[in-house]
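Those protein sequence lines, which keep their order, are chains W and E.
In this text, residue positions in the first sequence follow my numbering: the first is 1, and each later residue adds one.
In this text, residue positions in the second sequence follow my numbering: the first is 1001, and each later residue adds one.
Mixed in with the good hints, there may be bad ones.
Distance ranges between label pairs, derived from CB positions [claimed, not checked]:
1) E:Gln1076 with W:Lys382: 20 to 30 Å
2) E:Gly1288 with W:Leu190: 54 to 64 Å
3) E:Asp1075 with W:Glu350: 28 to 38 Å
4) E:Asn1342 with W:Asp93: 30 to 40 Å
Computed cross-link-like contacts, SDA-like style, restricted to lysine to any residue with a CA-CA straight-line distance of at most 25 Å [to be verified]:
5) W:Lys289 with E:Thr1058
6) W:Lys194 with E:Arg1008
7) E:Lys1134 with W:Glu116
8) W:Lys289 with E:Ala1057
9) E:Lys1134 with W:Arg18
10) W:Lys195 with E:Asp1011
11) W:Lys166 with E:Arg1008
12) E:Lys1194 with W:Asp11
13) W:Lys134 with E:Pro1117
14) W:Lys166 with E:Ile1009
15) E:Lys1194 with E:Asp1112
16) E:Lys1166 with W:Tyr7
17) E:Lys1134 with W:Pro117
18) E:Lys1134 with W:Phe267
19) W:Lys134 with E:Pro1272
20) E:Lys1166 with W:Ala14
21) E:Lys1165 with W:Tyr7
22) W:Lys134 with E:Pro1258
23) W:Lys289 with E:Lys1165
24) E:Lys1194 with E:Pro1117
25) W:Lys195 with E:Tyr1007
26) W:Lys134 with E:Asp1112
27) W:Lys382 with E:Tyr1070
28) E:Lys1382 with W:Tyr70
29) W:Lys194 with E:Tyr1007
30) W:Lys166 with E:Asp1011
31) E:Lys1289 with W:Ala14
32) W:Lys165 with E:Ala1014
Simulated from the structure, these hints should not be mistaken for lab results.
Beta carbons are placed, not taken as given, at the ideal position from N, Cα and C, and that holds for glycine.
Protein chains: 2
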Amino acid sequence: MTSTPSYRIADLFAERARNLTPPTYGTELTKIITVSFAYGLADPILFPHTDLAAASATVLAQEAPTALNYGPPSDQLYEQIILRLRARGIAADRDRVIIGYGSSQILGLLPDVFVEPGDVVIVEGPTFLGVVNKFANAGAHLITIPVDELGMDVDVLEATLIDLKKQGIRPRFIYTIPTFHNPTGVTMPLFRRKKLVALAAEYGVLVVEDEAYTDLRFRGEVLPPIATLNDEGWVLYVSTFSKTIAPGIRLGWACGDPAIIERLAMFKSEGPVGPFVSHVVAHYCATGKLDNHIQDLIACYQHKCNLMLEAIAHEFPSDVVALRPDGGFFVWCKLPPDISANTLLTAASEHGVTFLPGTRCYANGQGDDAIRLAFSFQPTEKIVEGIAILGSVLRELRR
Amino acid sequence: MTSTPSYRIADLFAERARNLTPPTYGTELTKIITVSFAYGLADPILFPHTDLAAASATVLAQEAPTALNYGPPSDQLYEQIILRLRARGIAADRDRVIIGYGSSQILGLLPDVFVEPGDVVIVEGPTFLGVVNKFANAGAHLITIPVDELGMDVDVLEATLIDLKKQGIRPRFIYTIPTFHNPTGVTMPLFRRKKLVALAAEYGVLVVEDEAYTDLRFRGEVLPPIATLNDEGWVLYVSTFSKTIAPGIRLGWACGDPAIIERLAMFKSEGPVGPFVSHVVAHYCATGKLDNHIQDLIACYQHKCNLMLEAIAHEFPSDVVALRPDGGFFVWCKLPPDISANTLLTAASEHGVTFLPGTRCYANGQGDDAIRLAFSFQPTEKIVEGIAILGSVLRELRR
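This is chain W alone, in the form it adopts within the complex (with noise of 0.2 Å):
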């Protein structure tokens, strides 16, 4: 036997592998980036690692044999994730929640249990576009409803739906980011959160509410989820540790309909979440420790977001609008209609200063108008420094 030169390996593989489209981490950027404003981290100072590295020597000297074992996530991190959702006023219970590596192995697995091809999904224009590609990639047909500076339009939402049901379109899902979103930093006020739940039980969608950055407030009043307007299901709250404690642990959650929760744990194929970050996460979180360092981050990130405000309405031109945002990670700036936002990106990436582009946010091809600063990770005078840079790029651009 010989082996035959005909066959490729190539050949076998299916059609939906042929053309690759590899995910990237980090590999995009070509020039040497001094500042980098462009992406939804943490700041890595702040991790809690002597506390993470007390909860994992306990958890290895006390429960080693299951932690270390196949099984289910640990028990307390589901009871330390349920006290947490009902202290938001969530009906949350041990079958309305699904543990996952990160929120958005949750999000990434809405299209195995929503969408066949070519079903309609209505998102945020902008919006999280890692997430949101996965809906695309699965086949969803995207709708985009703007977001004003009081989140998703709920008035273009309703107009859409009677349109889409005069077509006989019921939608899958409505992804929405209400509290800090991601990247414009605005809060959703309680009219349109209610606005927003009425109509999903009216026209029978389900809303996806993306928590991400909820507790990170640092002004304003605190707002009921949307999932707490309805308790008929409607709504699938989604969450995780990623920004409190670390994204480095691969720990997020969804709550809802048990029906929902048992599909997403069918299609997360691979199992449940490894036995000992669970463990370790859970012991963390029960020596009561993460409410305390999150009112650290509040202030670290109160101080950083300030401190960007200033900055851009010190170096800015005036025609620039920075929104304001309450918590979060982000400051959302809009451009005056002669600066492009890649054009901006390309002229500050010379400079050592990047940031993400608004068309890096839309589903539907907007976004040049608009730039995402990360206030989140970056050190304070490194804030400084490059917010002065961006704006002496804006003024060069002018010339």
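Go by the hints and put chain E onto chain W.
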């Protein structure tokens, strides 16, 4: 606006999510079981928890900003895995390796890369159904090749490939567990390995070589992995730390053609495995303690295996044939024609003993003539007690 009662959440589910077949974890036992030989679990008292605690402390003290952040798995973990692969003679490089949440995650991604509904996948009979069911659920048409005391019968495989070729069918891949096979414990000798890979190359079919247990050899000659017997990329080698370090860390890997690795990464849609755990395990491996630990495991499992075989020789009817493995976790027993594995299981459960009936190891409905006994995770006195009970149940069934 009021909710329209005619809308139900269940109507939103995609066709694939309508019928619910959630994973079951330990929910199947209704009797009180005192000795379980059922699962392929490591002995929890052997988990290297002290050394993992030291590694966790080091990582959190020295590498927290990276280990707790977003990002790929630790570079050091890739290095450690590549070193271990090369020590087996496998041509491993960074672009030929993917790390997953256990090898079962990676095996579960194979259908995404290779299988269109109806495509043929060749499996062993018996085999590890935990993985093979994922191939079937993805729409693969499974063809079972029998396993004898030398592993997969490659002559039957050849006849099958010839027959399929006549029908114009090119199978996508051949899933094999050549070393300390699950469930039979048998090891495929070199001549069969060579013929298997030669057939794969001749017929243009990928070999997926699952080497979960390969480190745990307690007798016999070390054999080259099938992956070392072909340099054209026709073998994807898959292994795990679940049997050597601990399953609760959820780390496995595959090594093979970069075009396959890239595509597996593309369908591993939740992103790279968690940085924290990857750093901890890399540190533990880099201390060099893993190889000593594996020697300890081998001594323990050899003792338990011998104990089980002795007890079987003493307690079972002489016409029950137990296969003697050279490593791994399992003793496979062929039952005489008058005894059904499932009848035996029902009777044994009444006496507090359980095991895996052969029917849970075949994709084609066979297997009521054999049982899998895991010696790996019961303490020695329980092995003796459980085999004695099984022996008396076997004799009872004949009265």
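**Study point:** Hints violated by the structure (listed by number, smallest first)
**Key:** Checked against the structure, the hints that fail are numbers 15, 23, 24, 31, while the rest are satisfied.
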